[in-house]
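Protein chains in written order, with this note's numbering: chain D, 1 to 681; chain B, 1 to 681.
Hints listed in this document are in silico derivations from the structure and should not be mistaken for laboratory results. The reader is advised that the hints may include incorrect statements.
Identical copies carry no separate label here, and so any pair may be met within one copy or between two of them.
Unchecked claim - Within a straight-line C-alpha distance of at most 20 Å, the following computed DMTMM-like cross-link-like pairs (lysine to aspartate or glutamate) qualify:
#1 LYS631 x ASP142
#2 LYS619 x GLU140
#3 LYS377 x ASP397
#4 LYS186 x GLU137
#5 LYS178 x GLU271
#6 LYS123 x GLU108
#7 LYS182 x ASP142
#8 LYS619 x ASP142
#9 LYS86 x ASP66
#10 LYS178 x GLU137
Number of protein chains: 2
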Amino acid sequence: MSQDPLVIFTPSGKRGRFPVGTPVLTAARQLGVDLDSVCGGRGICSKCQVQPSYGDFPKHGVTVADGAVGERNAVEDRYDRIRGLKPGRRLGCQATVQSDVVIDVPPESQVHRQVVRKAASDKPITMDPATRLYYVEVAEPDMHDPTGDLQRLAAALAGQWDIPQVTLSPALLPTLQKVLRKGAWKITVALHRTASDAVPQIVALWPGLHESGFFGLAIDLGSTTIAAHLTDLDTGAVRASAGIMNPQIRFGEDLMSRVSYAMMNPGGEVEMTRAVREAIDTLAANLAEEAQIDASLILETVFVCNPVMHHLLLGIDPVELGQAPFALTTSDALNLTARDLSLTTLPPAAQIYVLPCIAGHVGADAAAVALAEQPGKAEELTLVVDVGTNAEILLGDTQRVLACSSPTGPAFEGAQISSGQRAAPGAIEAIRIDPATKEPRFRVIGCDLWSDDPDFAAKTAQTGITGICGSGIIEAVAEMRLAGLLDPKGLIGSAEQTGTDRCLSTGRTHEYLIHDGTAEGGPRITVTQGDIRAIQLAKSALYAGARLLMDARGVDTINHVTLAGAFGAHISPLHAVVLGMIPDVPLENVTSAGNAAGHGARIALCSLAARREIETMVKQITKVETAIEPKFQEHFVNANAIPHATDPFPNLLTHVTLPDVSFNAATGGGDDGGRRRRRKG
Amino acid sequence: MSQDPLVIFTPSGKRGRFPVGTPVLTAARQLGVDLDSVCGGRGICSKCQVQPSYGDFPKHGVTVADGAVGERNAVEDRYDRIRGLKPGRRLGCQATVQSDVVIDVPPESQVHRQVVRKAASDKPITMDPATRLYYVEVAEPDMHDPTGDLQRLAAALAGQWDIPQVTLSPALLPTLQKVLRKGAWKITVALHRTASDAVPQIVALWPGLHESGFFGLAIDLGSTTIAAHLTDLDTGAVRASAGIMNPQIRFGEDLMSRVSYAMMNPGGEVEMTRAVREAIDTLAANLAEEAQIDASLILETVFVCNPVMHHLLLGIDPVELGQAPFALTTSDALNLTARDLSLTTLPPAAQIYVLPCIAGHVGADAAAVALAEQPGKAEELTLVVDVGTNAEILLGDTQRVLACSSPTGPAFEGAQISSGQRAAPGAIEAIRIDPATKEPRFRVIGCDLWSDDPDFAAKTAQTGITGICGSGIIEAVAEMRLAGLLDPKGLIGSAEQTGTDRCLSTGRTHEYLIHDGTAEGGPRITVTQGDIRAIQLAKSALYAGARLLMDARGVDTINHVTLAGAFGAHISPLHAVVLGMIPDVPLENVTSAGNAAGHGARIALCSLAARREIETMVKQITKVETAIEPKFQEHFVNANAIPHATDPFPNLLTHVTLPDVSFNAATGGGDDGGRRRRRKG
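Please take these sequences and the hints and turn them into a complete structure.
Pasting the structure below:
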């Protein structure tokens, strides 16, 4: 008796013997090979494309003859004519096993395929979508055996897809009958599962085979900006990205002023909730328009946000988050619907997933950073810092992960800075100061040239030079220190002390002039002593948070620093280290993770397994509450100075040498002296 | 070693030995005795009251000494002082086992107690509420171990109530923190389960021990009237009942005209859905006001309704129900929320249960009748008829249950009758005609006296005599037949033929004058030949439906008839049989079930087990579709006559004798002759 042909699938290597005539899709399913199909083998969705190989495969011990999966049939010819089929490709549901064969499943035919990265720093995403499409043929109603349309649809899903049980979103009750009839009893349903073993819910229905895709939003709901990626949930590709201002800014620039607004104004939290939901609706509509898709195809949305935004999104008064013990209403992940959040651009059955919070000050945004950056998988101790109005800080390796948040305030975002502005065209984002001449050169957003380039003026005529943004002010302060314009205590020297006319007296203190545009009607951009103080406060808070985690972990040094956040992506590691924002590590071990929170949101959007992963992970993270740790104040005060040559940062000295200047100014000197003393003590 | 004391609970008879000092509540729980408790044994809710017995119990083989459950303690004394404790009663959580004891659990301390019947015809209801209250003490937040308030509440429910998992209704996210703090971390939660083994959902929260009850609405959503009972979900008692007109009447009197309205007017179904939901909100508010409760305490609502109302309630275009094959969107029961149905009087987390439908023409109202009347438990073959605009008909015994609906039209409700009106004060609801004098006497709604009573005129001065309602017209037609004013074909005789001046010519036909109020400015109330025809059509449809089920069951006779429906409650069995509305049975076997659909709704409201029961039951019912059974037309035509002495109704003849008159009138005679011939053939 001759054996059945051997079928070997690549890249999985799964193999088995199947009778001649077995469809390749059937063989793949029986072996558990990850081969997609929406139509269930009817030859209409083309998701199950495979690439049979011919020739000798010594590794597998087989020789594959031509025609090992039969000749292309009429269904495939028709598909090729209408949609095109790449050379060598076959439809897995039409090709049948004829003899030993090696069959490659190309990435785009795998359900759990990896998604092309959006940014070089992004970790790859393995698709494991919570929502999947199923094409079904439903039995027509029969007066002799009356059952509801939904019951016959459920029976079809059971019979054709082995899905024993489904529910229907109540929002779809009005459309089920019309879709079934429009599709002549052939429809595509989108099934959403909150867990891989949960009863799936029908969240969308289309007549016939649905081919115009379905989409998800990954939303990073920040205090200042709401950023979203519209993602194709079939391929995982980002189709459009956009950000808008969080309209809650009119109720308070930072989180605590919004909490205060809710406390002082009865119903204030309701106003703020309405505002942010309207903004999300607008953002979703803008993205759908940009991607030229129907917003009704947005079936899933994932939110990451800090705890205050989390509560305001959910309609919860954030007052408890503004006072000890900073209790969250709920720290677990949430599965909701667009209807629950009164979002109107999305279809009411659209599913919402909100990542879990880590603690009252460490939100779902920090959880998203943890998901994207995986500090718990780092072999060497790694500090992950997400810099924003609040800094989320994670410290971990394979042994343990710790987390805290630190109230850096908005200085790193250009707020509370005399010439500060948000990152927008015209803002100075990078700056260099010549240590000899003390002359600055800079770059503005919207132009790749430095200001000493002859074409700079012409290229920036449109935007002008309008102010200095977060990354610009950090570089400015660090460069001033490197150029000897600033002493370790953070005092700006006078023109006499520094030898440059750009250091101007403002009475008791000095300021450094970067750019004077007044002749052309533009602004005069300087760094004042007050700006230096604001940056010192912010960086001390960040540094102190990181130190606190190191204390909790019982370490004095760390190996890697990852700067995350949309803003983190623009900070120069050198300047961050000079400024003392982060504990000292070799510069080459400071990397930028881009918008890690946003990337974490995308991962959760594309993967049910990732949702389980972060839900488990947050429970294992050690939470450190900066507000109750006495050491936080101590670290904060000690971190005020901008380190100089005698400070204990041995690694840094291999890279840069800081001048040992000291300005004896009237303001702040006494204070700083005190700090310095404590630091040395 | 002496044995532990023996504890015997009555009425369950459950028994076991427990160490001295065991609280009675603990002993009850370990034995699975049905003893209520909301506070979990803290001595504050008083739900666990028990009655220890003393003396000899030969049946149980024990003698119970005084003090067998110890002396009343301070907690019980305090409770007695504040709330009162009946003599001999103890709190099960405070009384402790001291020696052998027999302990009675009074009905009000049982969770699964039976509810006092609302009407004599109502079957008793055993409480098995889907929603139950739990008092819990929640741990306060701790910055050193930050978890959400919800997570600590869930942990408290797990620790104090053995409830391993709960979810929170998204609608309650905004209130959780405030309630926990207002209650100083002691709160009462209402947990709702869609099935006894489902993960419960928190659907309401109150600070401290909640003692002002929680409620449910059982709503019978009819085409004409929406009737509701506001029920105490703790005791099962009906606290208020009311009905209002279905405002959809402005879109069409009967169901098919509403379906037409939806077909002819784009968005018409949306208008009708909005109208009915607004009416439900109004009704709920009225009932809450009448019962003097806060509408936010209405946590559950059960709906029973015909398929068209079912779809319009759910926001579904009913067009498919207006044409073969009469496909329902869904026939299964539905678990929804007030938010899903945009009901605003109820709290958004309030749970909605809609009973399953049996078929496209046999709705959740028929299912409710089946639940209340249990034809599947009848030893003898029983016909259950719910008379309304459509008649729902069930035929069954322990072997099998069949169901159909029959389009009787609105004549039985007084519509399409010349002097017809809805059942309201002033409407003639009962009538008797003297066979000798042919003079009528009658009763109107709002007055107990017959019209030949000397006080009648005075007592009805307020309401007047305004028309004739459904039960009145049925009695009128039957009485006219019994008095010889009507021949078996349904023709009204002339004054000469009948010997009374009350039979007046109207041209080609005659009418019978019941009351002439024109002298006092009132109406002239007659029964016209057209009225007789309308009633004949309606009763033929009803009769034909019943016959169809008998055919399907293969029987010629039945044993019992139950007339259900608010209207069925007012039909006189004698007159129903004389008219030939129902197949012939001995009069004493015709019973009225009152508002069986409404009672079925109450049962489902109070019992999760009953919901499971009806869900199973509807799947086992054999559905008969009258529209496609050729025999229906045949039965319908044959049933047109009003039976006389030579008709094959042997049982009837033991009760009444019908006159063998025959009027050879100009109208209808030919037709009727034809029918009569077919019938004899």
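A quick look at each hint next to the structure:
no., hint, in the structure
1, LYS631 x ASP142, "between (75 Å within a copy, 19 Å between copies)"
2, LYS619 x GLU140, "between (49 Å within a copy, 19 Å between copies)"
3, LYS377 x ASP397, "within (6 Å within a copy, 67 Å between copies)"
4, LYS186 x GLU137, "within (4 Å within a copy, 53 Å between copies)"
5, LYS178 x GLU271, "between (38 Å within a copy, 18 Å between copies)"
6, LYS123 x GLU108, "within (19 Å within a copy, 62 Å between copies)"
7, LYS182 x ASP142, "within (18 Å within a copy, 57 Å between copies)"
8, LYS619 x ASP142, "between (52 Å within a copy, 15 Å between copies)"
9, LYS86 x ASP66, "within (18 Å within a copy, 93 Å between copies)"
10, LYS178 x GLU137, "within (15 Å within a copy, 50 Å between copies)"
Of the numbered hints listed earlier, not one is contradicted by the structure.
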